[in-house]
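When you get a sec, could you build the whole thing from the sequences and use the hints?
2 protein chains.
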Amino acid sequence: MHKVAAAAGVSPMTVSNTFRYPARVQEETRQRVREIAAKLGYIPNHAAGNLASGQSRVIGAVIPSIKNSSFYKYVRGMQDTASEQGYELVLKLADTLEQETAAIQTFLGLRVAGIALVGDQHEDVAIDLMRKTGVPVVESWVHDNPFDLAVGYSTVAATRAMVDLLLDAGRERIGFIGYAGAVSHRFTERVPAFQERLVAKGLRSDLLYLVDEADGFGAGPKALEGLCKLDPKLDAVLCPTDIVAAGVLFECGRRGWKVPDRLAIAGWGDYEIASETTPGLTTLQPHAYEMGQESMNMIIKRVAGKKPRGKVVDTGFHIVKRASV
Amino acid sequence: MHKVAAAAGVSPMTVSNTFRYPARVQEETRQRVREIAAKLGYIPNHAAGNLASGQSRVIGAVIPSIKNSSFYKYVRGMQDTASEQGYELVLKLADTLEQETAAIQTFLGLRVAGIALVGDQHEDVAIDLMRKTGVPVVESWVHDNPFDLAVGYSTVAATRAMVDLLLDAGRERIGFIGYAGAVSHRFTERVPAFQERLVAKGLRSDLLYLVDEADGFGAGPKALEGLCKLDPKLDAVLCPTDIVAAGVLFECGRRGWKVPDRLAIAGWGDYEIASETTPGLTTLQPHAYEMGQESMNMIIKRVAGKKPRGKVVDTGFHIVKRASV
DNA sequence: TCAGATAATTGTAGCGCTACAAATCCTGTT
DNA sequence: AACAGGATTTGTAGCGCTACAATTATCTGA
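Residue numbers (the numbering used here), protein chains in the order written: chain U, 1 to 325; chain L, 1 to 325.
Since the hints were derived computationally from the structure, they do not count as laboratory data.
Predicted model, so just to flag it, every value in this text is computed and none were measured.
Here a beta-carbon is modelled for each residue, glycine too, at the ideal position from N, C-alpha and C.
Please note that the accuracy of each hint is not assured.
[What the hints assert, rightly or not] Capping the alpha-carbon separation at 20 Å, the derived lysine to any residue pairs in SDA-like fashion look like this: (1) K321(U) with R262(U); (2) K321(L) with G218(U); (3) K39(U) with I127(L); (4) K132(U) with L40(L); (5) K301(L) with F147(L); (6) K3(L) with G49(L); (7) K39(L) with V125(U); (8) K258(L) with G256(U); (9) K132(U) with A7(L); (10) K39(U) with L129(L); (11) K258(L) with P279(U).
[Stated by the list, open to error] From chain L, some residues computed to sit far from chain U (all C-beta separations above 12 Å): (12) F147; (13) K201; (14) E290.
[Claimed, not checked] Footprint (simulated), chain U over chain L, 3 or more residues, beta carbon under 8 Å: (15) 46–55; (16) 102–109; (17) 274–280.
Here it is in structure tokens:
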């Protein structure tokens, strides 16, 4: 900074202002400083700025997995919104709670302005740390009991809507594929919501099968086999993700089963593959992009002191009807 | 830090050493400091440490897209390797060169220890900045002309291998699906490599079709239609990604074409879907995880001054044979 | 017991930047 | 010409931490 200042014949403070508060600096001066900075390859040191001002324009997001497209739109929404408002989004991947905690610690060490998390299950250490440091935190894909801020949709309402859709289609032996590794309400909440509807209609509500991973195609065939053992006349399945649904669909192809005549298949997440299979997959669209946008908006407003703690935003969902149901 | 020091009855320097150089501090003291730090929710301020030491344990990676699984293993490889060696990996998404430049600027502002990029096409501004600041930079998925460090495999050799595979399978009217938005050698290099083999055999080498996006299923049907217009007797296609290949496969299903009898389909990337379709997709496995590992190793060695500039590592590839060819 | 060596701890200074207050420069008035 | 009042610019101090040198504690063997 000093070199730039010297080269431009101004004080270091003017250089600082040029980048932080351009309005404070005269057009002409600003231009000159910018030019010289560019020529010298000068980039303001965020770390030092952060230290001096106690503020940061960096927001950290912890993402469970990029193995599939489920979080793509969510991340895009965050990225777009953050950069629109002059913030920077950096990502860390974490597939387990331990990794999430490590990621949170890294972000805390970086003194980010805020943290975006997925889900409401976190290690105690992490919760403790976030509480003690007081960083703004937004949890997404969840609907209630926010740690600080939350944005999501109601999994329960969505599950009910999906089951109703299958019932309306005249299905009576509906199977449910769950995610065994689920530490999150996002997955576990679905079971009771699923059963409640069937019980009300006097139908079997015990056609449940848990798979190890929610993102693999391979889970589909396994689950279908498991469910068929419980009821060979199974006529519909509700899947945890479109990937699993596609796996089931491929398996139906191998078995020569017509979809949806022999089996109706409902997916979840509106992944790209849902629109590309034949038949297309009926699925639940979780408004991921909007969730990403809103999560950044909440964090940024919180940084500005405009949002109270404990705030929840419901971004809703809608069902995309295709031929598989 | 001072609060922790006071609470533990030691000097701030001892607290600093406890975290940075545990070996320098007596077991007993270290333990006490750690406990009190945990109780107080103290996390060392990376920004300040970075500033004081002029060093950083954070490495930034710019990733083109998380829309599909193509980069999943690559990121995992980076993440695992970085954390094994005590570094932190943070990610930024960038789908365009402008976004990449912005991401690089952010990382530079954060004063990261190194930067990992995908491909060898970058904006001049970005190149200039990286050169002037002298950060270690590793480009991956590319094989030559490194800006600093590079790790990848030979797209040319891989294309040749794929074409040979189709020729060995007795195909004579082979179509090539390319990626129109390709700014990178990764995609453009393939065309001449593709043609060279066919010309040598005296076969048509003009069955080319460019699609807008390499990651969408939808590109498959479009490309197939385009290629069939050029040659209705097309008997094989080489796709830019498994996603496109799956799109072609689905389209064959709609048309009632048997794969590989009527049309052989070769994918690229060994995405998960390649093993789950029926028939399975023959594809090219780019050793992405190893690429991620090696890219971090190179950066970290470079930080330690052990690697010279201009170093390239070839992580190779191999062909996964399945039923589609 | 004590010099001499090693281990453990501790001040000091300063990393690059920004908040804040103070100083300087302009303009248009009177 | 003098001056109020705003626009610009500029010192000063300090953010939280670490390199480095200096200090103090502890141990060794004769």
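Results for each hint:
no.: 1; hint: K321(U) with R262(U); result: 18 Å, holds
no.: 2; hint: K321(L) with G218(U); result: 18 Å, holds
no.: 3; hint: K39(U) with I127(L); result: 13 Å, holds
no.: 4; hint: K132(U) with L40(L); result: 8 Å, holds
no.: 5; hint: K301(L) with F147(L); result: 16 Å, holds
no.: 6; hint: K3(L) with G49(L); result: 17 Å, holds
no.: 7; hint: K39(L) with V125(U); result: 10 Å, holds
no.: 8; hint: K258(L) with G256(U); result: 15 Å, holds
no.: 9; hint: K132(U) with A7(L); result: 17 Å, holds
no.: 10; hint: K39(U) with L129(L); result: 9 Å, holds
no.: 11; hint: K258(L) with P279(U); result: 18 Å, holds
no.: 12; hint: F147; result: 15 Å, holds
no.: 13; hint: K201; result: 34 Å, holds
no.: 14; hint: E290; result: 18 Å, holds
no.: 15; hint: 46–55; result: holds (count 5)
no.: 16; hint: 102–109; result: holds (count 5)
no.: 17; hint: 274–280; result: holds (count 4)
Violated hints: none; the structure is consistent with every hint.
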